[in-house]
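As given, the protein sequences belong to chains C and Z, one line each in that order. 274 is the number that our numbering gives to position 274 of the first sequence; each next residue is one higher, with no gaps. 100 is the number that our numbering gives to position 100 of the second sequence; each next residue is one higher, with no gaps.
Among the hints, a few may not be true.
It does not matter which identical chain is meant; a pair holds if it fits inside one copy or across any two.
Dumping the calculated SDA-like pairs for lysine to any residue here, alpha-carbon to alpha-carbon at most 25 Å [stated by the list, open to error]:
| id | residue 1 | residue 2 |
| --- | --- | --- |
| 1 | LYS124 | HIS195 |
| 2 | LYS297 | THR17 |
| 3 | LYS297 | LEU48 |
| 4 | LYS155 | LEU48 |
| 5 | LYS297 | ALA49 |
| 6 | LYS203 | LYS283 |
| 7 | LYS124 | GLU114 |
| 8 | LYS297 | ARG50 |
| 9 | LYS32 | THR18 |
| 10 | LYS155 | PRO201 |
| 11 | LYS52 | HIS143 |
| 12 | LYS297 | THR18 |
| 13 | LYS142 | LEU104 |
| 14 | LYS265 | ARG84 |
| 15 | LYS283 | ASP31 |
| 16 | LYS180 | ARG30 |
| 17 | LYS155 | ILE128 |
| 18 | LYS265 | THR247 |
| 19 | LYS265 | THR187 |
| 20 | LYS180 | GLU158 |
| 21 | LYS297 | ARG19 |
| 22 | LYS265 | ILE223 |
| 23 | LYS265 | LEU82 |
| 24 | LYS155 | THR247 |
The set of hints was computed from the structure by calculation and includes no laboratory data.
2 protein chains.
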Amino acid sequence: MADFDLHILGCGSALPTTRHLATSQVINLRDKLYMIDCGEGTQVQMRLARIKFSRLNHIFISHLHGDHCFGLPGLISTLGMLGRRGPLFIYSHREMEDYLQPVLARFCMGLPFEVVFNAVDTGKHALIMEDRSLRVYSIPLKHRIPTCGFLFEEKAQEDHLIREMADFYRIPVSLRRGIKQGDDYITPEGEVVPHTRLTRPAKPPRRYAYCSDTAFSPDITSIIKGVDLLYHEATFAEADIARARQTAHSTAAQAASIARQAEVKRLVIGHFSARYDDDSILKLEADNVFPGTILAKEGLVLPV
Amino acid sequence: MADFDLHILGCGSALPTTRHLATSQVINLRDKLYMIDCGEGTQVQMRLARIKFSRLNHIFISHLHGDHCFGLPGLISTLGMLGRRGPLFIYSHREMEDYLQPVLARFCMGLPFEVVFNAVDTGKHALIMEDRSLRVYSIPLKHRIPTCGFLFEEKAQEDHLIREMADFYRIPVSLRRGIKQGDDYITPEGEVVPHTRLTRPAKPPRRYAYCSDTAFSPDITSIIKGVDLLYHEATFAEADIARARQTAHSTAAQAASIARQAEVKRLVIGHFSARYDDDSILKLEADNVFPGTILAKEGLVLPV
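Next comes chain C alone, as it looks inside the complex:
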């Protein structure tokens, strides 16, 4: 398990099957959890994946179709029964609050924590959340109703101070933080020891992009350029491209084309239509355009 992982909890589309569940994912960044979408059954999938409910503070919902949010009432009820105290932040189209507040008022009276709704303008690419570990940006998508994806961008970490160098120069503890952040060290004798000799560079910040549900939309490639991992919906095979257009979804080849244009490092496809008994046709078609495409699967964990 790396320190920045994507957990796939559900990667089917709206119709339930015995193979896939409705959409939900959890990002685990150094034990802080961020959920993306919350279809029916998400809380049970969290249990199966041994994901700790208490570490989840932020939920991002791409759009108000049931297969992306019907798990919220049950999950929030459960968090209440587990005695949660801290606020739970939900980021989504403003209508989420109109839907969810009456349901919570009816079924979750006396909830011991606050649900804080943050309205997202799904038509804009903008910073929508920032904490000590990461920044999250919206990605405008093209679907039948207002929809956005999410770009998770790890914040740059401090460089690592080389223990042997710190000991050799007897660098005071009070100066070490500054050196990790880029300072040189000046010895009591006035010798300048450059930052680069004292430290090992931190890993470059990693980025994960989630794009579901969406029609083929090359406009997003500039936003997701070069991300370490892209999840892109691939509801249909190429034979059903007319149906994809009609329903504002993508084919596997279109998902791969976006990945290639955006020069992403890895692509994982999901949101598979119930019509395919075997998803390998989708992998085949994506691989032709973006070799090494990964098929999402319930329970799959991918390092970002």
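Use these hints to put chain Z onto chain C, whose structure you have.
Below, chain Z alone, put in the same frame as chain C:
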């Protein structure tokens, strides 16, 4: 598979576990389906149990706690996507409509069928539904909010006409229906052949009672007297009887005591608390009072 079966889709209580799902059951009476409660995940359980969505026309909801009804929006959406045309009847406390209508209006616009709400007075034992195959009665239960159980009573079937007797007496086809329903046959010579010589009696009508969620409530024994199968909640073990009282639930021994007092033929217990890693303690405690108690389990099918 008999012609009157109970399918257990979920038999856990509110907190999700990896062992049990939220409450739902389906009664299959000669290929007509009747659902009782619809917790989150019910539609996926239906798929796993290979239950045909198109044969479901009636849904009975015991009470408005999320673990008994949060699966309704997803199930109804799915029925719409599958192109259902006929009305879907929901029987429940009148507040169900207040909850569900706004959700359907938001998420299921253009639903190709009607959802018909039938308000049930949960405080009364009354006939709430009748069709050609059965009658369904409410059973007032004691819980934290208005709650009722349901008694499914098969209608008496016609006696079976004995083919050899019908041929021997050359009974006209036009008279056979009447004979199955109790008529004697009078030959052209005026001989009276009694009904009992011409027919084999139909099986006695079978009855199934569902009682969940409820505190220990001996008042119900007269209603469920002698049923062929009783599902009674058994959320807690005897060691947690204080918690059972506090939350208006039953222990396994209390469920068994109701079964014994009501002289039911078989008892199946469910709605197990998440606190028990192993439900066998509940079976043990129930067996002491009502030997042969059955533990509910997802996927279990019981003939009524």
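Verification of the supplied hints:
1. Neither within a single protomer nor between protomers do LYS124 and HIS195 lie at most 25 Å apart by alpha-carbon distance, with minima of 39 Å and 80 Å respectively.
2. In this assembly of identical chains, LYS297 and THR17 lie within 25 Å of each other by CA distance both inside one copy and across copies; the values are 13 Å within and 21 Å between.
3. In the homo-oligomer, the alpha carbons of LYS297 and LEU48 lie at most 25 Å apart both inside one protomer (14 Å) and across protomers (17 Å), since each shortest distance falls under that limit.
4. For the identical chains of this complex, LYS155 and LEU48 are neighbours neither inside a copy (30 Å) nor across copies (43 Å), given an alpha-carbon limit of 25 Å.
5. Taking the closest pair of Cα atoms, LYS297 and ALA49 come within 25 Å of each other both inside a single copy (12 Å) and across two copies (21 Å).
6. For a Cα distance limit of 25 Å, the shortest separation of LYS203 from LYS283 qualifies neither inside one copy, at 31 Å, nor across copies, at 55 Å.
7. In this assembly of identical chains, LYS124 and GLU114 lie within 25 Å of each other by CA distance neither inside one copy nor across copies; the values are 27 Å within and 37 Å between.
8. In this homomeric assembly, LYS297 and ARG50 come within 25 Å of each other (Cα to Cα) both inside a single copy, at 16 Å, and across copies, at 22 Å.
9. For the homomeric pair LYS32 and THR18, the shortest alpha-carbon distance between copies (23 Å) is at most 25 Å, but the shortest distance inside one copy (31 Å) is not.
10. In the homo-oligomer, the alpha carbons of LYS155 and PRO201 lie at most 25 Å apart inside one protomer (14 Å), although the nearest pairing across protomers, at 79 Å, exceeds that limit.
11. Taking the closest pair of Cα atoms, LYS52 and HIS143 never come within 25 Å of each other, the shortest separation being 32 Å inside a single copy and 31 Å across copies.
12. Taking CA atoms no more than 25 Å apart as the test, LYS297 paired with THR18 passes in both settings, with 12 Å inside one copy and 18 Å between copies.
13. In this homomeric assembly, LYS142 and LEU104 come within 25 Å of each other (Cα to Cα) only across copies, at 23 Å, whereas the closest approach inside a single copy is 30 Å.
14. In this assembly of identical chains, LYS265 and ARG84 lie within 25 Å of each other by CA distance neither inside one copy nor across copies; the values are 37 Å within and 44 Å between.
15. In the homo-oligomer, the alpha carbons of LYS283 and ASP31 never lie at most 25 Å apart, since the shortest distance is 31 Å inside one protomer and 39 Å across protomers.
16. In this assembly of identical chains, the alpha carbons of LYS180 and ARG30 lie at most 25 Å apart only when taken from the same copy (20 Å versus 74 Å across copies).
17. With identical chains, the CA atoms of LYS155 and ILE128 are at most 25 Å apart within one copy only, with a shortest distance of 15 Å there and 60 Å across copies.
18. Taking CA atoms no more than 25 Å apart as the test, LYS265 paired with THR247 passes in neither setting, with 28 Å inside one copy and 53 Å between copies.
19. Within a single copy, LYS265 and THR187 get their C-alpha atoms no closer than 43 Å, and across copies no closer than 90 Å, so neither meets the 25 Å cut-off.
20. For the homomeric pair LYS180 and GLU158, the shortest alpha-carbon distance inside one copy (5 Å) is at most 25 Å, but the shortest distance between copies (88 Å) is not.
21. When the C-alpha separation of LYS297 and ARG19 is checked against a cutoff of 25 Å, the pair qualifies both within a copy, at 9 Å, and between copies, at 21 Å.
22. In the homo-oligomer, the alpha carbons of LYS265 and ILE223 lie at most 25 Å apart inside one protomer (14 Å), although the nearest pairing across protomers, at 66 Å, exceeds that limit.
23. Taking the shortest alpha-carbon separations for LYS265 and LEU82, neither the intra-copy value of 39 Å nor the inter-copy value of 38 Å comes in at or below 25 Å.
24. Taking the closest pair of Cα atoms, LYS155 and THR247 never come within 25 Å of each other, the shortest separation being 36 Å inside a single copy and 46 Å across copies.
Violated hints, in rising order: 1, 4, 6, 7, 11, 14, 15, 18, 19, 23 and 24; the structure is consistent with all others.
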